[in-house]
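A.B. asks: All chains should be modelled from the sequences, with the hints used to inform the complete structure.
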Amino acid sequence: MRQHAVNMVDTLARRDSRVVFIGSDLGPGVLKGMKRDMPERFFMEGVAEQHIIGMAAGMAMEGFVPYVNTIATFLTRRCFDQLAIDVCMENLPVRLIATGGGTVYAPLGPTHLAFEDIAILRALPNMTIVAPVDEVEMVKLMDASLDWPGPLYIRVGKGNEPIVTAQDTPFAIGRALEMRPPEEVTFIATGIVTAKALAAAERLEAAGLRAGLIHMATVKPLDAAAVRRAAVAARLVVTVEEHTRMGGLGSAVAELMAEEPTGARLLRLALPDAFPEGYGGNDHLMRLAGLQPDQIADRVMRALEPAA
Amino acid sequence: MSAMDERSRYLRRRIIDALEGGGRGHIGSSLSLVEILRVLYDDVLRVRPDEPGWPDRDRCILSKGHGCLTWYAVLADKGFFPQDELLRQCHPGAMLGGHPERAHIPGVEASTGSLGHGLSIGIGMALAARLQRRPSRVFVITGDGELDEGSIWEGAMSAAKHRLDHLTVLVDYNKLQSYGLVKDVLDLEPLADKWRAFGWAVREVDGHDVAALRETLGQLPFAAGQPSVVICHTVKGKGLDFAEFNPDWHHKAKVGAADVASMREALERAE
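Protein sequences, first through last, are from chains A and B.
Per UniProt numbering, residue 1 is the first one in the first sequence, and the count goes up by one each step.
Per UniProt numbering, residue 1 is the first one in the second sequence, and the count goes up by one each step.
Hints are computed from structural coordinates only; laboratory data are not their basis.
All values derive from a computational prediction rather than experimental measurement.
Be careful, since some hints might not be right.
[To be verified] Ranges between beta-carbon positions, derived for each pair:
id: 1; chain 1: B; residue 1: 53; chain 2: A; residue 2: 259; range: 37 to 45 Å
id: 2; chain 1: A; residue 1: 25; chain 2: B; residue 2: 54; range: 32 to 40 Å
id: 3; chain 1: B; residue 1: 92; chain 2: A; residue 2: 107; range: 36 to 44 Å
id: 4; chain 1: B; residue 1: 270; chain 2: A; residue 2: 15; range: 53 to 61 Å
id: 5; chain 1: B; residue 1: 46; chain 2: A; residue 2: 107; range: 53 to 61 Å
id: 6; chain 1: A; residue 1: 25; chain 2: B; residue 2: 248; range: 43 to 51 Å
id: 7; chain 1: A; residue 1: 166; chain 2: B; residue 2: 197; range: 53 to 61 Å
id: 8; chain 1: A; residue 1: 259; chain 2: B; residue 2: 270; range: 55 to 63 Å
id: 9; chain 1: B; residue 1: 219; chain 2: A; residue 2: 107; range: 53 to 61 Å
id: 10; chain 1: B; residue 1: 84; chain 2: A; residue 2: 25; range: 48 to 56 Å
id: 11; chain 1: A; residue 1: 173; chain 2: B; residue 2: 219; range: 48 to 56 Å
id: 12; chain 1: B; residue 1: 197; chain 2: A; residue 2: 287; range: 48 to 56 Å
id: 13; chain 1: B; residue 1: 23; chain 2: A; residue 2: 147; range: 40 to 48 Å
[Stated by the list, open to error] Chain A side only, calculated, beta carbon under 7 Å to chain B, not exhaustive:
id: 14; residue: 40
id: 15; residue: 45
id: 16; residue: 48
id: 17; residue: 50
id: 18; residue: 54
id: 19; residue: 58
id: 20; residue: 59
id: 21; residue: 64
id: 22; residue: 81
id: 23; residue: 85
id: 24; residue: 86
id: 25; residue: 108
id: 26; residue: 205
id: 27; residue: 207
[Said to hold, decoys possible] Simulated crosslink set (DSSO-like; lysine-lysine; CA at most 30 Å straight-line):
id: 28; chain 1: B; residue 1: 194; chain 2: A; residue 2: 32
id: 29; chain 1: B; residue 1: 175; chain 2: B; residue 2: 194
id: 30; chain 1: A; residue 1: 158; chain 2: A; residue 2: 140
id: 31; chain 1: A; residue 1: 35; chain 2: B; residue 2: 183
id: 32; chain 1: B; residue 1: 194; chain 2: B; residue 2: 183
id: 33; chain 1: A; residue 1: 140; chain 2: A; residue 2: 35
Think of the CB as a built atom: it goes at the ideal place given N, C-alpha and C, for glycine as much as any other residue.
C.D. replies: Shown next as structure tokens:
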């Protein structure tokens with residue numbers, strides 16, 4: 001998925017002279033073709049995220065559309081003040097390609113896990129946050145990103161995710177995708193975890209329970225109409241995300257459902273409010289958090305059991 | 001040290017007027033900046049007050065945004081916005097606030113107040129000018145306490161790497177930060193050597209000497225292929241004898257009529 005995102009910068013740069021790329025200290029050979037053919041618009045600025053965001057803001061003020069790429073934790077926490085003041089306050093078209101959103105870098109430990117990125121960025125006015133489900137959707141997002149008017153955070157998954165959307169699946173920033181029509185139980189998921197929710201929904205169906213699924217690629221601005229449709233139809237709305245339960249998709253849905261109660265209950269499946277422990281792989285941490293498809297299906301079944 | 005001339009005194013009067021109008025402001029931090037901004041706008045910057053968005057203009061960023069009373073006085077004097085706005089600074093709905101905002105104030109190129117941001121924004125602007133083949137130069141004014149921020153030194157390395165000889169930093173080195181002496185809080189020395197080591201061409205100047213500032217800035221760029229920095233040795237609170245070099249005058253709130261009267265008196269006797 002990251003490869004598709006980064007390669008699209010090359011495509012967009014060839015199409016539009018406003019596009020520049022700014023990396024921190026990425027792996028050798030990244031965007032080799034862009035560097036060869038458009039060296040003046042390719043920047044590798046070093047391990048200096050505060051500076052990079054300020055520099056991107058300065059270029060955006062002059063009409064450029066900077067695509068900034070580094071690891072999600074460093075692209076959010078390390079330069080939060082610059083994101084808030086230089087980029088969001090000025091509502092500038094800076095694009096943040098955040099590699100390793102969630103538990104992607106599990107073996108590298110908690111310093112490299114962006115488990116609260118959505119929460120902290122959601123709090124910034126003007127910020128748009130999108131987490132595509134697969135590389136097909138990522139390409140569509142990158143295509144749509146060029147003319148998006150303000151700051152855009154692009155949360156990139158692990159890579160080699162299952163492809164669950166098709167070339168002709170509609171995509172628009174800010175628009176949810178109904179992958180399964182709303183039912184008594186409806187999932188609302190974001191990022192690559194939508195594929196896990198889809199697998200969970202299939203398991204539930206095999207067990208005789210039909211479940212709806214809304215893929216909420218854009219967490220901010222939230223497609224409130226899609227949440228309302230789900231909440232009106234459902235007995236149980238289940239949010240699923242690879243992110244702490246504090247402040248992410250589940251919180252955004254909870255805020256809306258609290259303000260516009262329909263009688264539907266809400267089950268939030270997310271990472272716990274704790275620094276991740278245990279290394280291993282992404283799958284391992286997701287299992288510890290109960291976010292694998294079989295666990296998601298079990299948790300939904302348990303939530304539907306009548307209270308003892 | 002040259003004597004304060006009428007123009008410098010006039011701008012300081014306007015700063016006191018703005019302080020009186022708003023009832024508050026970073027007065028000490030503003031008064032050290034007067035000659036720096038005056039010379040920039042009178043003699044150096046290519047800007048058009050009646051066309052603040054002119055693409056080929058030079059960009060000026062007051063990275064030490066808390067010194068904005070002086071910037072406001074100079075911008076109003078140059079005609080970027082009506083003089084009356086000065087008297088309304090910090091009022092509800094006013095154009096001018098306690099820190100400068102790009103969205104609201106003609107001539108303000110970047111919103112500052114959180115320290116350590118302006119240099120990197122200026123570097124982005126300088127790179128943009130190069131890419132767009134515009135003649136624009138970029139000037140960034142920092143404080144001395146501001147140089148405590150690590151982001152400044154990230155930017156310093158980057159500007160040298162990109163050989164931005166159309167970028168100039170002016171350091172308002174008034175030797176005092178909020179708590180006290182810069183050398184006690186977090187010593188910057190050897191400051192000129194630091195900038196040199198980061199790849200910049202360095203000059204030092206008396207930041208209240210108008211002729212010296214003109215002459216120094218007239219030599220820009222100091223070296224081909226290198227960004228320039230001018231370390232301006234200044235006096236915090238310059239022009240008010242009781243405020244000079246006095247950390248109690250970094251910021252003043254609840255400024256009353258008696259305070260303002262004594263400030264005006266002090267300014268008129270200043271040399």
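A.B. asks: I'd like to know which numbered hints this structure contradicts. Please list them from smallest to largest.
C.D. replies: 3, 25, 26, 27, 28 and 31
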